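A.B. asks: Residue-level listing of the chains:
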Amino acid sequence: NAGVMQNPRHLVRRRGQEARLRCSPVKGHSHVYWYRQLPEEGLKFMVYLQKENIIDESGMPKERFSAEFPKEGPSILRIQQVVRGDSAAYFCASSPPSRQGKNQPQHFGDGTRLSIL
Amino acid sequence: GNSVTQMEGPVTLSEEAFLTINCTYTATGYPSLFWYVQYPGEGLQLLLKATKADDKGSNKGFEATYRKETTSFHLEKGSVQVSDSAVYFCALRGDNYGQNFVFGPGTRLSVLP
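Just so you know, the protein sequences line up as chains A and B, in that order. Position 27 of the first sequence, counting from 1, maps to 27 under the numbering used here, and the rest follow consecutively. So the mapping is simple: the numbering used here equals the position in the second sequence, first residue as 1, plus 117.
Read the hints as simulated data drawn from the structure, not as lab findings. Misleading hints may appear alongside valid ones.
[As the list claims (entries may be wrong)] Per the computed footprint, the stretches of chain A lying under chain B, defined by three or more beta-carbons under 8 Å from a beta-carbon of chain B, are:
{"#": "1", "segment": "42-55"}
{"#": "2", "segment": "104-110"}
[Claimed, not checked] Over the 10 Å line for every Cβ pair with chain A, so calculated as not near, a few chain B residues:
{"#": "3", "residue": "Ser131"}
{"#": "4", "residue": "Thr137"}
{"#": "5", "residue": "Lys166"}
{"#": "6", "residue": "Lys173"}
{"#": "7", "residue": "Glu180"}
{"#": "8", "residue": "Thr187"}
{"#": "9", "residue": "Lys194"}
{"#": "10", "residue": "Val219"}
{"#": "11", "residue": "Ser227"}
{"#": "12", "residue": "Leu229"}
{"#": "13", "residue": "Pro230"}
[Unchecked claim] Residues on chain B that point at chain A, a partial pick, calculated with CB under 8 Å:
{"#": "14", "residue": "Leu163"}
{"#": "15", "residue": "Thr168"}
{"#": "16", "residue": "Phe218"}
{"#": "17", "residue": "Phe220"}
{"#": "18", "residue": "Pro222"}
These numbers were taken from a predicted model, which means no experiment stands behind them. Just so it is clear, CB atoms sit at the ideal spot from N, CA and C, and this is done for glycine as well.
Please build the complete structure, drawing on both the sequences and the hints.
C.D. replies: What follows is the structure, encoded as structure tokens:
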């Protein structure tokens, strides 16, 4: 079984460009989570999505950032008009629906390292 | 809301030393508890978990016991190796439908030969 797949692994953008980060969850997982991690720091929760729904976006900046998890296809984290401070590793995780597997852990991808020039 | 507190790092030990990384939590009901490990340049990997009080999770020589009376889930290993050098995250998931995961800030462990 494939784990969580994130691409690209590394993404370089210039200030003002858009960054699109993709995440394909474990097959059968309907919940996706996005986190940001700065060097030498912990995980910062950004958003929690179910298919076609945002469950919790309390960690998402109000501007420039958006996330979706469509019925078909991967989850996308989109950052518009990137700035130097957006440079970080962005991790995606997936889990089964909590009602069916509330004891199940999250499975993490290897992350996308975003660098802003 | 739910929260997780971990001991501040970094923790530096010599090979074969005993390891304890403290983790305490605040949550209503009966959350599930997890320890994750992150090696340099990689994502987080599940190390062990416990889903109810007094459960002991164990893996690769690491252990943690779910203590509801002290709301703790401390990570222990009897004899660490250089290859255990990584960042360790304690996490919980609440027991209500749609509950999000909550992570501690992580504890960096360095094991010296």
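A.B. asks: For which of the previously enumerated hints does the structure constitute a violation, in increasing order of number?
C.D. replies: Those not satisfied are hints 5 and 10.
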